[in-house]
Amino acid sequence: MISFEQVDKTFGQLVALDQVSFEMEKGELVFLVGQTGAGKSTLFKLLLKCYSPSGGRIVVDEVDLNEIKSNKVHLYRRKIGVVFQDFRLLPNQNVLENVSLPLRIAKTDPELIEKEAEEALELVGLRDRLQAFPAQLSGGEIQRVALARSVVANPEIILADEPTGNLDIEAARDLVGLLKKVNQLGKTIIIATHNFDVVNEFKERVLCLKNGKLVSDEKNGKYRLK
Amino acid sequence: MKNHLLTAWIYIRRSPYQALAAVLVMFLTFWVISTFVLLASGSQIILRYFETRPQISAFLKDETSLEQVEGLRTQLEETGKVQEVKYIDKKEALKIYKSLFAQEPLLLELVTADILPASLEVSTKEIDYLDEVVVILQGSSSVEDVVFQEDVADSLQQWTITLRKVGLGLIAVFSLVSVLVVLIIIGIKAVNHKKEIETQRLLGASGWYVRMPFLLEGMFYGGLGAFLGWSVSYLILLYSSPFLVEFLKEIPILPVSVWFMLSLLGAELLIGLIVGFLASFVATKRYLSQP
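Protein chains in written order, with our numbering: chain A, 2 to 227; chain B, 200 to 490.
In isolation and in its complexed conformation, chain B is listed as follows:
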């Protein structure tokens, strides 16, 4: 293995510009992968945040009794589609009102607990269940009015799906380009070493023996590209963290867990090594077809 590593290193050093091109293309691919994985997981957290917030407010009629409220709560929970049902009585509604309008004493003076309605704050397990729950609430004789934020979560979900599609498309294109570039570069090197390959074959070298330095070279490009792509995207994330924290406010997206980033690095290194290996394998296959 030491000899194969040495030979691979000599191959790399002898054509530094080809090596640079291969590493740069791999870097770009993995930078795009890292960026989209971070964006996709971030948008997923944001979506989950909105999904788990109370999405439906059902304002109750004044004459609604606690038994009726409990009956409605049970009816909602039995659907299995409800994450949480919270009863806000008139006093609590006033508290919320006061906290919302703490800066406007005139508005506070005009309102008492009696004029605010009690309500049920409902969050669903999936955004798709909103309609069904709203129908149940609207059908209840205890409910005066139903307000729900379908549009926000819905458009956020659309954005997340679009982001994933664009990300997957870009990743597919960059991955294809990376494989082709490594394939071409290793192919050129195999042609340059054609006589050396023939000599080794005639001296009894197996296909794997001859192929090994090329495979190691491809894996080096893949591994280094993956590491650089991950590093740059992580640095950008760390650099932009203060701004993101300010922008996203209470949405708990940052800091990104170190374990998540290390797992991403591990997965990308593995993919890089496999892509480099496969591209080199294909590139050298035609030169080893003869025994």
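With the rest of the complex left out, here is chain A:
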């Protein structure tokens, strides 16, 4: 499903990723761990094709990302759901409108949009907050709305960038639990985090980045601060 083959990314003299290689199967859930500046966000941005690798190859669903033309990037991105670290909900739109945004972008049949957005909100337990605006939600609710938005268009891959960053341990567990639930629906999920309590509790595959290098890749792994 996702394959990184000796991927490098440099910004001038700065090496953000150095010879990173790994593969992920369809339906797999992986924690991507590492300290700030380890290269987690760079890896996500490469997957979202915000920029191209300086070297190596990234293949997603049998498509080499280097071969996607810039005017087709938006179509590729529709295959990926994203939970951003800073939520990125649109402040002037209510919960229902925020969640349905990927469907509107993909020009889904207007009659289906509301129904599918409500189903996504049902999945994260926020069906009763359809008309609320982001400013009226708690941190945990905002993160769940962001999760609902990432799954609403039924993408094959979901990237969650530090989704537990601003949450207490209970809320973080709930959120990762929801992501696990989504994973059980057959979605391929990468969760970038440095919350080792959560990583250790869920016992999934863990990829560890350090200074841009992939230093470990463990099944049922644990995140150990070294």
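In silico lysine-lysine, BS3-like type, Cα no more than 27 Å apart, as pairs: (1) 70(A) to 27(A); (2) 27(A) to 181(A); (3) 80(A) to 393(B); (4) 393(B) to 73(A); (5) 201(B) to 73(A); (6) 204(A) to 27(A); (7) 80(A) to 394(B); (8) 182(A) to 116(A); (9) 73(A) to 484(B); (10) 394(B) to 201(B); (11) 70(A) to 484(B); (12) 393(B) to 46(A); (13) 394(B) to 73(A); (14) 46(A) to 484(B); (15) 211(A) to 46(A); (16) 394(B) to 46(A); (17) 108(A) to 393(B); (18) 116(A) to 201(B); (19) 70(A) to 393(B); (20) 27(A) to 80(A); (21) 448(B) to 297(B); (22) 70(A) to 394(B); (23) 484(B) to 108(A); (24) 201(B) to 80(A); (25) 394(B) to 108(A); (26) 204(A) to 182(A); (27) 324(B) to 285(B); (28) 260(B) to 289(B); (29) 182(A) to 80(A); (30) 201(B) to 484(B); (31) 448(B) to 294(B); (32) 214(A) to 27(A); (33) 201(B) to 108(A); (34) 484(B) to 80(A).
FRET-style restraints, in silico, Cβ to Cβ: (35) 67(A) to 379(B): 38 to 48 Å; (36) 52(A) to 456(B): 53 to 63 Å; (37) 480(B) to 67(A): 28 to 38 Å; (38) 70(A) to 215(B): 37 to 47 Å; (39) 430(B) to 65(A): 56 to 66 Å.
Keep in mind that the hints were calculated from the coordinates and are not lab data.
For every residue, glycine included, the Cβ atom is placed at its ideal position computed from N, Cα and C.
Based on these hints, arrange chain B on the given structure of chain A.
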């Protein structure tokens, strides 16, 4: 489209002063355009009026026969530069004289048809042809004297050309200012919504999807400005019509045709929408350069 319209409306409502500035500048531009289009077409009608009036009077010698008059008429018509040649015989000349001096019986008593000359009243197709026709008439042995009003039409033409040049200059300056103002305002809004734009792009929105509310906003400014500019200039025209009718007397310039005004509105709306669209397109281009 409904969502894009709603988003554009929210963008407009959230910064009413910027919207007001954009609409006012657009209004000024289209008011100037409307005013100069009306002035230019009005002056064109006035010029055409003077051009089609008999511009040359060729007074004939008393001994000139009708055959000679017809020969001269044919010679003028064969140049292809003459709009109309009208023969005024002595009797008709007396009629004209009487109508001109109807209030002065003393002058009427002194004049009979015999002492007035017959004449040819000639109008040319273009004002530039006057000289050539005058030369032909002056060269004719049947013609006693030639009188022509070159100066009036000539200076009117100069005025019309100057008016057009000034109008085009003003329109160019105002159009540039309008484009820049809309460009700056939409640019500021795009910066304010930079994070929103990035989010939409990362969720798979195409450049057009992200750009659409901004384009609609620019088109709204252009369209509304064009409508207001046209409306105000039309109201001023209607208000000043009685005075203009009195001033211009028999020159058939008013009323301005409704179809002409509607065509002007249509053209200005189209230009307004295009200007708003292009300015917004340029303003948002730099924020969408990254995929």
